[in-house]
Every structure is written in structure tokens, then in C-alpha cells.
Amino acid sequence: MSFFFGKSFCSWVCPVGFISELIGDFGQKIFKRKLKLPKFLDIPLRSLKYILLGFFIYSIFFLMSQVAVKAFLNSDYNLISDVKMYYFFADISRFSLIVISALFILSIFIRNFWCRFLCPYGALLGIVALLSPLKIKRNKVSCIDCGLCAKACPSSI
33 MSFFFGKSFC SWVCPVGFIS ELIGDFGQKI FKRKLKLPKF LDIPLRSLKY
83 ILLGFFIYSI FFLMSQVAVK AFLNSDYNLI SDVKMYYFFA DISRFSLIVI
133 SALFILSIFI RNFWCRFLCP YGALLGIVAL LSPLKIKRNK VSCIDCGLCA
183 KACPSSI
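Residues 33 to 189 (my numbering) make up the sequence shown, in order.
One should not assume that every hint holds.
To be verified - Simulated pairs of lysine to aspartate or glutamate, EDC-like, Cα-Cα distance not exceeding 16 angstroms: (1) K66 to E53; (2) K68 to E53; (3) K71 to D57.
Said to hold, decoys possible - So the derived label-pair ranges between C-beta atoms look like this: (4) K71 to K102: 42 to 52 angstroms; (5) L105 to P70: 20 to 30 angstroms; (6) F36 to G179: 41 to 51 angstroms; (7) F94 to V48: 49 to 59 angstroms; (8) Y119 to F50: 40 to 50 angstroms; (9) P165 to A103: 14 to 24 angstroms; (10) S174 to M117: 28 to 38 angstroms; (11) F104 to R170: 42 to 52 angstroms; (12) F87 to D114: 49 to 59 angstroms.
Source of the hints: derived by calculation from the structure; they are not laboratory data.
Bear in mind the structure is a predicted one, so any value in this text is a computation, not a measurement.
Note that CB positions come from ideal geometry on N, CA and C, so glycine has one too.
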């Protein structure tokens, strides 16, 4: 899906992306404009999700043996991981509540904070989307570098 439609999964399927967009829209109504980080902060922060993705790829493909990966996929824990996720939210710890609250508050100020800076799955989809034949491209012939497309873009690309 991401090969043809880019990171459409993030806003149309992912519940975190959907909620993050709603929170960002709420923040935009409060502040009457989009708040943007300066480039010297934005670019390094965007690299965090790629570092996280690299950590997971390294951990899975280089630190775990094939036997360990197969054992995990066939384990009872993996079979009931959705139930474990429910228990995480049903009996949430103070630390988890603080982290989720911080992400919620940051998303008010910076639209899609989690997705933009921390989501390793979004990083993976972004890398796959680079190869897409349907990706958004600037028409160099008709572009006059007015910057209106950058101002109108909800994702600040």
C-alpha cells in the first residue's frame, strides 16, 4: 500500500495517526495558525524515527537468530499480544500515562508529533514511499517557487 499511496496508512488506517491529526487540528484552531519548529530542531528530531527503525531492524535481523524469531512468532505471548495491549491501557502505569499525556500535549503544539518524530513504522513506510511511482512531485516547468504549496500542505512536506 505504501509503495503506491505513500504514507496513507498513517492517516487513514493508523489510529495513532488519526488521533494525532485531530489533536493537531484542535491545536491549529487554538493558535489560529500552524506552529512549526525551526529547521535546526526539526531536521534532527525527524531523524529520531529512523534511528528507532534502525535499532529495531538491527535487533531483529542481527541480534536475534532465526530460531529466536520463529520462537517469538509462535509464542503464546505473540498470540495474545492484542490482549496484552488492552491490559496495558486498562491498567496503565503512571509512567505510561505521563508519556502518553506528553505526546498528546506536544501534538497540540506540533501537528502529528509522534508520527513526525518518533514512529519507526512511519519511517519504514516513508522509505518505501520514496520508490513510489505515484508520489507527489513538483512540476518544475510550472513552479514559480512562490511557496504556496508548502503553506497549504497539512503535513508540512
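When the hints from earlier in the document are held up against this structure, which numbers fail?
-> 3, 5, 6, 7, 8, 9, 10 and 12
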